[in-house]
Amino acid sequence: MDALLSKKFLDSIGVSLDESTYRALEQHSQESLQARIIEAVIDLLDEQQLEDLQALRLSGQFEMETWLQANVPDLNYIIEDEIAILLGDIAESSDKL
Amino acid sequence: MPGEKIKSYVQQREQRAEEAQLDYETAPDRPLDDLKTDASEILGEKTGFLRGSYRSVADNLEARASIAETKVDIQSTREKFLEYRSNAAQNKMNRINERIANSSDGFLAKQINRQRRQSVDKLSYKKGIRDQHIAKLAERRQKKPEELRKQIDKLVDQKIKAVERKAQRVVMRREKGIKPHQVAKKAEFLAKLTPEQKAKIVRESILQVRKQNIKKGALDVSYQIDDTLETRQIGDHYGRTTE
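Chains as they are written, first to last, in the numbering used here: chain W, 1292 to 1388; chain S, 376 to 618.
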């Protein structure tokens, strides 16, 4: 994930930032991506699956990510799409950066 | 009495459901023209507010998918999308103006036309702002080198296709009959998920995607085509027997 918003990527869309702004943007992008992926995954779960996941979260005995990989067949596509959406958002806003 | 009204409504619906069941059972014996299928009932638009709510969620998503598709069709740059919206506003203004021109001279018609003119003014104002924005974006775009423009267009293209796939995924889940969970449960789950848990889930999942994509890449590279062999070895772990 560290390489998601590299300086090389920003250069490729004509964005040049100082170090502190770059760090802030990277941090913000990571947080946005996390929130979007989690929300997109949860949107695809049915009620029972959400309850199962909630139980896992509370028990802390089993890794939630392993459960998601086993129970959300579209997980890979969700991640790829959310990354594409985030990078597209950044590219669209490149004039403002 | 509200209770009586609800009771009567429920009875009516039950009776209609029985009729529909009978209609379904006797359908094979009747000519096609005599079938009484009501599409709105099948879609659930008029079968109570809860069913209607699920339907409206699905309709909304279908609309989003179709908007995303439209965006793909009309090129993916932001200017083109704004231009599309601007044209849509112009079409709407034309429609309203046509209605004003074709309306009668009565008192009520005059009042309605006054409101219609206000709508046109509002649309025209918004369109003006949008047009200015388009011009500004186009100017900025022209200043960018060709390669940079292509790179941005490519990323925006990918984004639009991803948005379309995302909407379609949810619609397909609804079509398969998987009902969404309650919003309150989702909100509760999200609220209780710590930032560390979120980060861990996403990081691990991205890692898995990366691994799989890397493996796919490795498979592509090491795929050997030899028609004389009965078994084709792909990568280190997968072999396929030819028929």
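These are computed hints drawn from the structure, not numbers from a lab. By construction, the Cβ of each residue, glycine as well, lies at the ideal position given by its N, Cα and C atoms. One should not assume that every hint holds.
To be verified - Just the calculated beta-carbon pair ranges, DEER-fashion:
| no. | chain 1 | residue 1 | chain 2 | residue 2 | range |
| --- | --- | --- | --- | --- | --- |
| 1 | W | A1361 | S | D496 | 55 to 65 angstroms |
| 2 | W | E1354 | S | M547 | 24 to 34 angstroms |
| 3 | W | Q1339 | S | E550 | 45 to 55 angstroms |
| 4 | W | Q1339 | S | T569 | 22 to 32 angstroms |
| 5 | S | I475 | W | D1380 | 37 to 47 angstroms |
| 6 | W | K1298 | S | Q507 | 44 to 54 angstroms |
| 7 | S | Q517 | W | T1312 | 20 to 30 angstroms |
| 8 | W | S1307 | S | R474 | 31 to 41 angstroms |
| 9 | W | T1312 | S | P520 | 18 to 28 angstroms |
| 10 | W | W1358 | S | N472 | 51 to 61 angstroms |
| 11 | S | D528 | W | E1330 | 39 to 49 angstroms |
| 12 | W | A1315 | S | D528 | 39 to 49 angstroms |
| 13 | W | Q1345 | S | A463 | 18 to 28 angstroms |
Stated by the list, open to error - One side only, chain S facing chain W, incomplete, derived with CB under 10 angstroms:
| no. | residue |
| --- | --- |
| 14 | V495 |
| 15 | D496 |
| 16 | K497 |
| 17 | K501 |
| 18 | R515 |
| 19 | E522 |
| 20 | L568 |
| 21 | K575 |
| 22 | I581 |
How the hints compare with the structure:
1. For the pair A1361/W and D496/S, the supplied restraint of 55 to 65 angstroms holds, since their beta-carbon distance comes to about 57 angstroms.
2. At about 28 angstroms, the CB distance of E1354/W to M547/S agrees with the hint of 24 to 34 angstroms.
3. Here the CB-CB span from Q1339/W to E550/S is close to 19 angstroms, at odds with the stated 45 to 55 angstroms.
4. At about 23 angstroms, the beta-carbon gap between Q1339/W and T569/S stays in the expected band of 22 to 32 angstroms.
5. Judged by the Cβ atoms, the range 37 to 47 angstroms given for I475/S and D1380/W holds: they are separated by roughly 40 angstroms.
6. Checked against the given bound of 44 to 54 angstroms, the beta carbons of K1298/W and Q507/S, roughly 33 angstroms apart, lie outside it.
7. Separated by about 26 angstroms at the C-beta atoms, Q517/S and T1312/W satisfy the suggested range of 20 to 30 angstroms.
8. Between S1307/W and R474/S the Cβ separation comes to about 52 angstroms, which falls outside the hinted range of 31 to 41 angstroms.
9. A hinted range of 18 to 28 angstroms holds for the C-beta pair T1312/W and P520/S, which are about 23 angstroms apart.
10. At roughly 58 angstroms, the beta-carbon separation of W1358/W and N472/S lies within the given 51 to 61 angstroms, and the hint holds.
11. Evaluation of the 39 to 49 angstroms hint for D528/S and E1330/W yields a failure: the beta carbon distance comes to about 27 angstroms.
12. Separated by about 27 angstroms at the C-beta atoms, A1315/W and D528/S break the suggested range of 39 to 49 angstroms.
13. Taking the beta carbon of each, Q1345/W and A463/S are about 43 angstroms apart, not inside 18 to 28 angstroms as hinted.
14. Checking V495/S against chain W by beta carbon gives a least distance of about 31 angstroms; that is not within 10 angstroms, so the hint is violated.
15. For D496/S, the suggested interface contact is broken, since its CB lies about 30 angstroms from the closest CB of chain W, more than 10 angstroms.
16. Hint status for K497/S: violated, given a least beta-carbon distance of 27 angstroms to chain W, over 10 angstroms.
17. At its closest, the beta carbon of K501/S sits 21 angstroms from a beta carbon of chain W; the interface hint therefore is violated under the 10 angstroms criterion.
18. At its closest, the beta carbon of R515/S sits 6 angstroms from a beta carbon of chain W; the interface hint therefore holds under the 10 angstroms criterion.
19. With a least beta-carbon distance of about 9 angstroms to chain W, the hint placing E522/S at the interface is held under the 10 angstroms criterion.
20. With a least beta-carbon distance of about 7 angstroms to chain W, the hint placing L568/S at the interface is held under the 10 angstroms criterion.
21. A least Cβ separation of about 7 angstroms between K575/S and chain W falls short of the 10 angstroms threshold, and the interface hint therefore holds.
22. About 5 angstroms separates the beta-carbon of I581/S from the nearest beta-carbon of chain W, less than 10 angstroms, and the hint is met.
Figure legend: structure checked against the earlier numbered hints; hints not met, in rising order: 3, 6, 8, 11, 12, 13, 14, 15, 16 and 17.
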